[in-house]
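Can you build the whole structure from these sequences, using the hints too?
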Amino acid sequence: MKISTKGRYALRMLLDLAEHRNSGFIALKDIAERQHISKKYLEQIIPLFNKSGILKTNRGFQGGYQLAGTPDKYTVGQILRLTEGSLAPVSCLDHEPNECERQYDCLTLPVWEGLYKVITEYLDSVTLQDILDAHSAKADDYVI
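Heads up: the sequence shown runs through residues 1 to 144, numbered per this note's numbering.
In short, the hints are calculated from the structure, not lab data. Among the hints, erroneous ones may be present.
To be verified - Subject to a maximum C-alpha distance of 35 Å in a straight line, what follows is the list of computed DSBU-like cross-link-like pairs (lysine-lysine):
| # | residue 1 | residue 2 |
| --- | --- | --- |
| 1 | Lys2 | Lys39 |
| 2 | Lys29 | Lys138 |
| 3 | Lys73 | Lys40 |
Laid out in structure tokens, this is it:
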């Protein structure tokens, strides 16, 4: 499984909003500058999160975006599913129940199911807040 640029940039954008959540609505140009991501690229990602209810939008002079909830409410798994679609390592696991005609004869299916379980459990256990906390702890450990 390889996470696309869209997924990586979406995570960085939402982390930026989480990190600056006490600053009110954040302009997309500010996120783009801080994250070194094209504003045009972020404009393509924003609709995915507007529709999902993860973002609040304010138009006008003081317009911008902010998280609808606190950073501990959003997991990396949730964010990547919105940008990537399925996180399944093989296509036969994209549907529940599994519709593959070979599912009962496939020797490798348990391997892919195990990998999928590990991927989803891990990504669904990591929140935006966890990432911010880990970064903060790492920065606090710096000593000269």
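List, from low to high, the hint numbers that the structure doesn't satisfy. Hints that this structure does not satisfy do not exist here, as all of them hold.
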